[in-house]
Amino acid sequence: MKQQAQHTPPFTEGINRVDGIMKVTGAAKYSAEYELPGMTYAVFAISNITKGIITSIDIKAAERAPGVLAVLTHLNAPKVPGYESGKDPSKPPTTGGPLKFFVDNTVKYNGQPIAMVVADSFERATYAASLIKAQYKKEQHETDTEKNKFKAAAPKGGRNGGDYKRGTPDDWKTAAVKVEQEYVVPINVHNPMELSVTLAHWTADDKVTVYAKTQGVKSTQNAIAQAFKLPVENVQVTTKFVGGAFGNALRTWPHEIATVQAAKLVKRPVKTVLTRELQFNTVGYRPYTWQKVSMGASADGKLTGIIHEATAQTSSFEEFTEGTVNMTRFMYACPSVGTVYKITPLDVNTPTWMRGPGEATGAFALESAMDELADKLGIDPIELRIRNHADTDPENGKPFSSKNLKEAYEMGADKIGWSKRKLKPGTLTEDGWLIGYGMGTGVFGAGRGRATVKAALLDSGTLLIQTSVTDIGVGTGTAMTQIASEIFTGIPVKKIKFELGDSSLPPSPTQGGSTITSTVGGAVHDACTQLKEKFQQLIGNGGTDKPDYVKVLKEKNLPQLEVTVTSSGSTEMRNFSSYSYSVHFVKVKVHPKTGVVRVDNVVSVADSGHIVSPKTARSQIIGGAIGGIGMALMEEGIMDHRYGRYVNNNYADYHVPISADIPQIDALFVNKPDYRVNPMGAKGMGEIALIGMSAAVANAVYNATGKRIRELPITPDKLLA
Amino acid sequence: MKDLDKGFQADENHEPKENARRDFLKKSSLLTAVALTPGVAVKAAENHLDEKVAAAFEKMPVNIIVNGKPHKLSIEPRVTLLDLLREQLHLTGTKKGCDYGQCGACTVHVDGQRVNSCLTLAMTVDGKKVTSIEGLAKGDELHPMQEAFIKHDGFQCGYCTPGQIMSAVACIREGHANSETEIREYMSGNICRCGAYPNIVNAIQEVKNGGQQV
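Sequences listed follow chains A and B, in order.
Each residue of the first sequence is one higher than the one before, starting from 1 at the first, in the numbering used here.
Each residue of the second sequence is one higher than the one before, starting from 1001 at the first, in the numbering used here.
Hints listed in this document are in silico derivations from the structure and should not be mistaken for laboratory results.
The reader is advised that the hints may include incorrect statements.
Distance windows between CB atoms, simulated [said to hold, decoys possible]:
no.: 1; chain 1: B; residue 1: GLU1180; chain 2: A; residue 2: ASP414; range: 44 to 52 Å
no.: 2; chain 1: B; residue 1: GLU1174; chain 2: A; residue 2: ASP58; range: 45 to 53 Å
no.: 3; chain 1: B; residue 1: GLN1213; chain 2: A; residue 2: LYS593; range: 39 to 47 Å
no.: 4; chain 1: A; residue 1: ARG642; chain 2: B; residue 2: GLN1213; range: 55 to 63 Å
no.: 5; chain 1: B; residue 1: ASN1063; chain 2: A; residue 2: ASN16; range: 35 to 43 Å
no.: 6; chain 1: A; residue 1: LYS546; chain 2: B; residue 2: GLN1213; range: 36 to 44 Å
C-beta: ideal position from N, C-alpha, C; glycine also.
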């Protein structure tokens, strides 16, 4: 700790994105863009029923179509060896496992691939896939969470299972002021710009190279090795650039295994690029979640009890859970809290974590309810939060490793001009529009995991840093370069090379859950520190802090000096609770006649420790805020439950924010280091950038109109109803 | 690229269009005959004859100038400009985001106008000049819009970026970058899921106000 405390963080404008030139010139290679000899293209034919059995499938026309190399179905697909182990095919699939394509004749959701066509061009594969005809025996399906809520049950396993209770949560019922409301967050779909991609190429009978859109090359490598029973090192996964993912590439999906399987069959590289439609039901989504928050407070605004219940959808074959209600346990200093979390299995594909994940869903409910409570108490919503500020973690009694939430409230309130907000809704207008201000808080765990980093000083003067982590767009390479440059102050940024996205490099965790800057950054810090010490030993004590590395290496006849360091968080962390916080402030304009909501101003404040890379951090906060605006005002995956099929599975009908929807956004940072988490004092911010934002928008809309919309998205029809 | 050029050379003496059409009809009647005779068809398939027949009649000649370089190509008429650029010319800077003209990731310039290359059949740009992101910089010297995107961090993942930049350049050339509001409106055909919009708007304003040649 002593050594860490000496580290004084400079707060600069920040370096430009290290891969910026590649991204603006088109030189950045995403996974579909590798050129391999004999490339082939895979296109899926999909089920148009939601539940049932394929009774027959006719692939003759497709097989005869020009350029077609293979058509895989459950009748002819070669076995995936890892799919067989320990499974009795005569028994129904167990819960807890992902779907496997082409292993049997069952259809478990609408749009499930029933055949895969491999052809020598994308056009030929697409055409041939259209020639496949299937007959089915349909069964009654259920896709509506609301209608099937009665089936909801506590998850059988997983980290989010189990009800939580402290004190006597029912105390809310006898409180002076009460709120008891239901909130709904519909299906949200990640919809990154880059479509899901798997490009597989077997280089030997037992060796495969895969270019995959994944948030974790190591996890993809392991999944493929297990599926094909290969030694892990025989699977090479490369992911140099990821065109956004937001969670949908956190796990290895069955279509990826099918692609590797097909490549083995045709003995040529096979490239699968999922269509935009298939992004909706092949690679996860934020599940529809119903919530109820019941809370009570004394007349002076002290919380006495909260109960937060949630029911979310999952698939019929797999339990998906997330931390939807968990924030309520520790966010406010309330003596009595209960949480209940249930899931309802439906005939849909499995949901997955989407940015902010369950916490974003939960924060919409909790932070809306807090706003409702403040309104009933007749006090400012920030004041209510300050009166219930948790100075220590109420869930476990531990101190926080750092928490500057009060300062964040103040910074944001000042910046947006919170003093202009009227306590009474519907009383402020500008040019005929109703004006409202709202705020919401976000929180997410800030831990540090294990990562291994190799750092090498080359005699060319380059500092080479290597680890397997991917960069899904947040600026990992830039942040890591910044960390290294603060240790090797004598090496210019352009001479620091950070290599990532390759399974043969030292292992780093999957990018997700706001852990990478802390985990990989911590390991980069430690590796660079040790490399610098090794160099100091080489030149003897009393060496300068900025030696001529090239000269010394050449004198010592060393082509390079390197270290490989594995590091993780300190045991001291166990004594603390560690979270990143955000506070989002929003000013909206609502048209009283049309119900149109315009976001007029946004200030998002992050309390996430020292800001390692200011330029990319600012972009990450702005981007999360925009994601939250989408969640609040427009995003909703709409299914026609009669058919179990999406009706808006494209960018024209599933609305995401566009430039015209978004004003200038201020991203502010408390920027106080938390050295307990890692030596940079940095905490994650990817999730908090979005968590709490949808509540801030909803609260602002209420402040403008007096209408409380508890079912997202807040569309004009709901405001005019 | 190599294969394509070879394919074109092999079919060097393209007939005038009327003859090509007559030839097409002849070949398609041949294919119809084949299709009506299952036994023959199977045999044809086994020998990959149908593929050869298809390859012969399905391709059409097209001449496109991409980033200043002329390409004489022979392509299937159903190939989009986007897929031609990415899969055949290996110019992968132009991105596929939706294939329906809904996201703008595939934006390129055709004779100076911004178009969604996923909605543009490659045959329709015969004789035209196509500029993709790879053609914007002058060697190592970046275009001012590329510089401004880096400076203002007008991207995160970078996948929509080539389309955003091609659109941004056209937005200024069209005279649609006179205010922040106007820029937002005329850049709304390009989705950025990471949410870099404010930074993109700032980048465009800087280039516009800097008065540089775009």
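These are the hints, each one checked on the structure:
| no. | hint | verdict |
| --- | --- | --- |
| 1 | B:GLU1180 x A:ASP414: 44 to 52 Å | violated (24 Å) |
| 2 | B:GLU1174 x A:ASP58: 45 to 53 Å | holds (50 Å) |
| 3 | B:GLN1213 x A:LYS593: 39 to 47 Å | holds (45 Å) |
| 4 | A:ARG642 x B:GLN1213: 55 to 63 Å | holds (57 Å) |
| 5 | B:ASN1063 x A:ASN16: 35 to 43 Å | holds (40 Å) |
| 6 | A:LYS546 x B:GLN1213: 36 to 44 Å | holds (42 Å) |
When held up to the earlier numbered hints, the structure conflicts with hint 1 and nothing else.
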